[in-house]
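Note that the sequence shown covers residues 1 to 445 in the numbering used here.
The set of hints was computed from the structure by calculation and includes no laboratory data. Some hints could be false.
To be verified - 25 Å max Cα-Cα, derived DSS-like pairs, lysine-lysine: (1) K152 <-> K115; (2) K163 <-> K211; (3) K234 <-> K148; (4) K211 <-> K121; (5) K377 <-> K323; (6) K121 <-> K163; (7) K436 <-> K381; (8) K381 <-> K439; (9) K218 <-> K254; (10) K412 <-> K381; (11) K254 <-> K331.
To be verified - Taking CB as the label site, the calculated pair distances span: (12) S420 <-> Q363: 31 to 41 Å; (13) D372 <-> M287: 38 to 48 Å; (14) D105 <-> L320: 25 to 35 Å.
Here the structure is a predicted model, which is why all the values come from computation and not from measurement. Don't be surprised by glycine CBs; every beta carbon is placed ideally from N, CA and C.
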Amino acid sequence: MTRTWTKRDRVMTRKEMRKERKPLLDWKMIRIPRVLVRVFVIFILILVLAVSFPIFLKKEGGRFPFLVKIGSFFGLQASPEKKQDEPDSNVMDVYFARLVYVKGDVNVKSQKELKFQKAEKDQILREGDTIRTYSGGYAEVLFDEGNKLTIKPDSLVVIHDMKENRLTKIRKSSINLLQSDVEAVVRRPKIEGSEFVIVTPTALAKISEAKVAVQVSKEQESKLKVFSGAVDVKVGGESMEVVRNQSVDISKEKKIREIKDLPAPPKLGSPENLAEFFFKNLSEMKMVLKWDDSLSGVTYRIQVALDPYFTDLVIVRTGLSEKGVVVQGLKSGIYYWRVSSITSEGNEGDFSDYSVFKITIDQTPPDIVLDDLLLLKVSGKVNAQISGQTEPDAAVTINDVPVLPDKTGRFKYVLSQISSDTEITIVAVDRVGNRKIVKKTVQNP
Numbered sequence: 001m002t003r004t005w006t007k008r009d010r011v012m013t014r015k016e017m018r019k020e021r022k023p024l025l026d027w028k029m030i031r032i033p034r035v036l037v038r039v040f041v042i043f044i045l046i047l048v049l050a051v052s053f054p055i056f057l058k059k060e061g062g063r064f065p066f067l068v069k070i071g072s073f074f075g076l077q078a079s080p081e082k083k084q085d086e087p088d089s090n091v092m093d094v095y096f097a098r099l100v101y102v103k104g105d106v107n108v109k110s111q112k113e114l115k116f117q118k119a120e121k122d123q124i125l126r127e128g129d130t131i132r133t134y135s136g137g138y139a140e141v142l143f144d145e146g147n148k149l150t151i152k153p154d155s156l157v158v159i160h161d162m163k164e165n166r167l168t169k170i171r172k173s174s175i176n177l178l179q180s181d182v183e184a185v186v187r188r189p190k191i192e193g194s195e196f197v198i199v200t201p202t203a204l205a206k207i208s209e210a211k212v213a214v215q216v217s218k219e220q221e222s223k224l225k226v227f228s229g230a231v232d233v234k235v236g237g238e239s240m241e242v243v244r245n246q247s248v249d250i251s252k253e254k255k256i257r258e259i260k261d262l263p264a265p266p267k268l269g270s271p272e273n274l275a276e277f278f279f280k281n282l283s284e285m286k287m288v289l290k291w292d293d294s295l296s297g298v299t300y301r302i303q304v305a306l307d308p309y310f311t312d313l314v315i316v317r318t319g320l321s322e323k324g325v326v327v328q329g330l331k332s333g334i335y336y337w338r339v340s341s342i343t344s345e346g347n348e349g350d351f352s353d354y355s356v357f358k359i360t361i362d363q364t365p366p367d368i369v370l371d372d373l374l375l376l377k378v379s380g381k382v383n384a385q386i387s388g389q390t391e392p393d394a395a396v397t398i399n400d401v402p403v404l405p406d407k408t409g410r411f412k413y414v415l416s417q418i419s420s421d422t423e424i425t426i427v428a429v430d431r432v433g434n435r436k437i438v439k440k441t442v443q444n445p
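Could you build all of it, start to finish, from the sequences and the hints given here?
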């Protein structure tokens, strides 16, 4: 029997075959139980909480006490809340100081070393370093922010902190004094909140901008003098402010004694700063140092030194009642001088700003160097031009006629109507009276 093919029986194309092909696994037919979905969601939430809760508790737990209790139940501890002024070690940078002046016997011991080593100028100082000065030893420490610490003989100083907050740029510097005698000049900080702290066995002094002197005796008693600015002083549980031209003594029992007033420093008068003096010999060297002061009932201490640190003293006089003193016998050199006032109770104030003068003992006559003699014929007459060089500020005469040299000592003079037997005499006298004479005879005019 023959079958008849219809439209439905036509051969399918490849495209149609792909459409008719059924997948082996139909995802639409899969059914996930709701219980499994709920368990999976709860597991993810627990995992997120387990990771984030300890982190949050560590950073912010101090602000939420109930969270701390929950965390402690699971054995988690919250970090203690930091005080506002407590530095975070993660944001603190350490800076350095430098020894800018060293004289005499000065030693430094690093925190990592057992023995003291001889200190050297421009040596870098770090946290924990100890500076010791012996008799005649002086040192000056310069901190990065411009604060200066002068360490006098027989002192023991420990640099405790030198830190800067990386975020706020606030700097905290502190030094510990044992038996010491120091002076500190603390500048106004560039960043508000920065401070310089001096710690003694009996007191703590916070300085923002001031000039102070601190002494710690063998008996562990402290004396603080404030020459400018103000200082917050803490002794035990008691705090006080010591202001300009005041001093306070603190006993070894950590008790504050009465605050005493200090006299203001005098103002130096004459000679003026950078003055120069010339003398022919040492026996003639004599000058007067004067100062001004409006205080009454005080005496004065004067110091004359060969250096601006006043470590090499050549004159020290105390108990002066007059506002001036005669100085004699100083050799050639540059000298620095200053004066302080002392009350009748023995309270000494700050020294004045120093002034500088120079002494020259000159026993050498001024030199005379003549140029070649220049002869000029004018209207049948012969004139001679004399020129040369001598010491600046020397007085010159040629044949008893005064000639004014220029600032460098150059001079020139024309002598009229000379003959072959004319003798020319040049005399130069320096400022202290040393004399030099040169004679020259005219040849074949």
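Honestly, do D372 and M287 meet the 38 to 48 Å range at C-beta? holds (43 Å)
Is K381 close enough to K439, meaning Cα to Cα at most 25 Å? With a Cα-Cα distance of about 22 Å, the restraint between K381 and K439 holds, given a limit of 25 Å.
Does K163 pair with K211 here, judged by a C-alpha cut-off of 25 Å? holds (22 Å)
Are K377 and K323 close enough, with their CA atoms no more than 25 Å apart? Violated. K377 to K323 sits at ~64 Å, over the 25 Å cutoff.
Just to be careful, I want the Cα atoms of K211 and K121 compared with a cutoff of 25 Å; is the pair within it? holds (24 Å)
Hint consistency between K121 and K163 [alpha-carbon to alpha-carbon, up to 25 Å]: holds (23 Å)
Checking one constraint from the list: CA of K254 to CA of K331, max 25 Å. Satisfied? The hint is violated at about 49 Å.
Between the beta carbons of S420 and Q363, is the distance compatible with 31 to 41 Å? Holds: the Cβ-Cβ distance is about 38 Å, inside 31 to 41 Å.
Given the hint that K412 pairs with K381, test it: the Cα-Cα distance must not exceed 25 Å. The hint holds at about 20 Å.
Between K152 and K115, is the straight-line Cα distance small enough, at 25 Å or below? Roughly 21 Å separates the two Cα atoms, so the pair holds.
Tell me if the straight-line CA distance from K234 to K148 falls inside 25 Å. holds (22 Å)
Is the distance from the Cβ of D105 to the Cβ of L320 consistent with 25 to 35 Å? For L320 against D105, whose Cβ atoms are near 32 Å apart, the range 25 to 35 Å holds.
The earlier numbered hints that this structure contradicts are 5, 7, 11.
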